[in-house]
Amino acid sequence: MKVTRYTGVAIALHWLIGLMILVSLGVGLYMADLSLSPTKLRLYSWHKWAGVTIFSLVLIRCVWRITHPAPSLPEAMPQWQRVVAESTHYALYALMIVIPLSGWLMSSAKGFQTVYFGVLPIPDLLDKNKELGETLTQVHSYLNYLMIAIIGAHIGAALKHHFIDKDDILRRMLPSRQKSIS
Amino acid sequence: MTNVTRIFLASTLVIAANSAQAIEYSAVQLDKSTITFTSKQMGVPVQGRFPKFTARVAFDPAKPAAAKVDLIIDLAAIDAGSKDADDEVVGKQWFNVKAFPTASFTSSIVKAVGAGRYEVTGPLSIKGKANPVTAKFGFKTDGNNGVFDGDFTLKRIDFAIGEGPWADLSTVANEVQVNFHVVAAAAATAPTPKAK
Chain A
11 MKVTRYTGVA
21 IALHWLIGLM
31 ILVSLGVGLY
41 MADLSLSPTK
51 LRLYSWHKWA
61 GVTIFSLVLI
71 RCVWRITHPA
81 PSLPEAMPQW
91 QRVVAESTHY
101 ALYALMIVIP
111 LSGWLMSSAK
121 GFQTVYFGVL
131 PIPDLLDKNK
141 ELGETLTQVH
151 SYLNYLMIAI
161 IGAHIGAALK
171 HHFIDKDDIL
181 RRMLPSRQKS
191 IS
Chain B
191 MTNVTRIFLA
201 STLVIAANSA
211 QAIEYSAVQL
221 DKSTITFTSK
231 QMGVPVQGRF
241 PKFTARVAFD
251 PAKPAAAKVD
261 LIIDLAAIDA
271 GSKDADDEVV
281 GKQWFNVKAF
291 PTASFTSSIV
301 KAVGAGRYEV
311 TGPLSIKGKA
321 NPVTAKFGFK
331 TDGNNGVFDG
341 DFTLKRIDFA
351 IGEGPWADLS
361 TVANEVQVNF
371 HVVAAAAATA
381 PTPKAK
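These protein sequences, in sequence, are chains A and B.
Each number in my numbering corresponds to the 1-based position in the first sequence with 10 added.
Each number in my numbering corresponds to the 1-based position in the second sequence with 190 added.
Hints were generated in silico from the structure; no laboratory data involved.
Possibly wrong hints are sitting among the right ones.
What the hints assert, rightly or not - The list that follows gives simulated cross-link-like pairs (lysine-lysine, DSSO-like), each with its CA atoms no further than 30 angstroms apart: (1) A:Lys120 <-> B:Lys230; (2) B:Lys273 <-> A:Lys140; (3) B:Lys230 <-> B:Lys319; (4) B:Lys222 <-> A:Lys120; (5) A:Lys138 <-> B:Lys345; (6) B:Lys242 <-> B:Lys273; (7) B:Lys345 <-> B:Lys282; (8) B:Lys282 <-> A:Lys140; (9) B:Lys273 <-> B:Lys230.
Unchecked claim - Facing chain A, according to a computed beta carbon distance under 10 angstroms, are these residues of chain B, among others: (10) Lys230; (11) Val234; (12) Gln237; (13) Ser272.
To be verified - For the chain A half of the interface with chain B, some residues (derived, Cβ under 10 angstroms), not all of them: (14) Tyr54; (15) Lys120; (16) Gln123.
C-beta: ideal position from N, C-alpha, C; glycine also.
Please build the complete structure, drawing on both the sequences and the hints.
Okay, here's the thing in structure tokens:
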């Protein structure tokens, strides 16, 4: 039978990762300009731990997505919208992988190893290098600005589909009490 | 005194001096020596170093008990791992370098604890507080140089390094590991008898 809804696992991963990304973005934007304090050190660590968690969840999500096809787009959708929707999703997946990696590399280059939850050291791929650290900081922040723009488009499109086109694009990603038809 | 007696006495002295004269490593080479430290921030080890210091070492591996070490560190030059941290740690809550520009260490006891292994104990003064510390170190020769490699762990709260909000040990741990690598050239202890 035709797939009309995302699986429960896909839905759970989508909203969990989405929420974690929004919180991490907010914390990231806020913490960068703080003057050094124990709070800043805590926020940086939490942000990094969140990044490692998001990265791991995204890997699981990619495997799930490859093995569990997404429901197809509504037939009424014009071709250009399909292309845009697809590219947006690929871009989001790419950014969800590249952004945590850039954060980890930037942290290493700045001489701060990432230690997951303060107990599991993640190896440094790069040695401490001030200039590279600054470049990677720029890379990390610009990738995030791009991410914010694409998330904006993603949310905007979902709402447009739901309220204007009145199709099932948003509903099929929402948890449902009904048993999903697969 | 006859000439013969004089020559005899002089030679005896030279022989005595030579037999007692072990090599002492005392000419510290600051450009080859380093003092580094590792603090832990949220479980993350962060390296730093004290690039400016002066050291006086008198060490004869054959007579460790007679060894003497004096160390003065210029705290304002600290490299605490990042620009933010460098600016922060010179401030009042940390080292307060305006009031206490230097840290110093003077050895009171040096003893051998194994083959090529020694232990030095003495008061370490930072920020107006003196606490005894004991550092283990290894000694080896490298050509004409003596190389000392050692470490000790200090508890920063004992020296009030990090006060106010920084006294919270869950963000910056109390234990700070200090490593030193000191290279000193050999210098003769007894005056070398002049030939002719």
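Quick rundown of the hints versus the structure:
For the hint pairing Lys120 of chain A with Lys230 of chain B, the CA-to-CA distance comes to about 15 angstroms; that is within 30 angstroms, so the pair holds. Of the pairs offered as hints, the one joining Lys273 of chain B and Lys140 of chain A holds, with about 10 angstroms between alpha carbons and a cut-off of 30 angstroms not exceeded. A hinted pair counts as satisfied when its Cα atoms are at most 30 angstroms apart, and Lys230 of chain B with Lys319 of chain B qualifies at roughly 22 angstroms. Distance hint between Lys222 of chain B and Lys120 of chain A is fulfilled; the C-alpha atoms sit about 25 angstroms from each other, no more than 30 angstroms.
Of the pairs offered as hints, the one joining Lys138 of chain A and Lys345 of chain B holds, with about 26 angstroms between alpha carbons and a cut-off of 30 angstroms not exceeded. Pair hint Lys242 of chain B plus Lys273 of chain B holds up; C-alpha atoms about 17 angstroms apart against a cutoff of 30 angstroms. Taken as a hint, the Lys345 of chain B and Lys282 of chain B pair is honoured in the structure, with Cα atoms around 18 angstroms apart against an allowance of 30 angstroms. For the hint linking Lys282 of chain B to Lys140 of chain A, the alpha-carbon distance of about 27 angstroms falls within 30 angstroms, and the restraint holds.
Of the supplied pair hints, the one linking Lys273 of chain B and Lys230 of chain B holds, its CA atoms being roughly 17 angstroms apart against a limit of 30 angstroms. The criterion of a C-beta within 10 angstroms of any C-beta in chain A is met by Lys230 of chain B, whose closest approach is roughly 9 angstroms, and the hint holds. The restraint placing Val234 of chain B at the interface with chain A holds, with a minimum CB-CB distance near 5 angstroms, inside the 10 angstroms limit. Hint status for Gln237 of chain B relative to chain A: holds, with the closest Cβ pair at about 7 angstroms, below 10 angstroms.
With 10 angstroms as the threshold, the beta carbon of Ser272 of chain B comes within range of chain A, its nearest partner Cβ sitting at about 7 angstroms, so the hint holds. With 10 angstroms as the threshold, the beta carbon of Tyr54 of chain A comes within range of chain B, its nearest partner Cβ sitting at about 8 angstroms, so the hint holds. Interface restraint check: Lys120 of chain A against chain B, minimum CB-CB distance 7 angstroms, threshold 10 angstroms, status holds. Evaluation of the Gln123 of chain A hint against chain B yields a held restraint, the C-beta minimum of about 5 angstroms falling below 10 angstroms.
In this structure, every one of the numbered hints holds.
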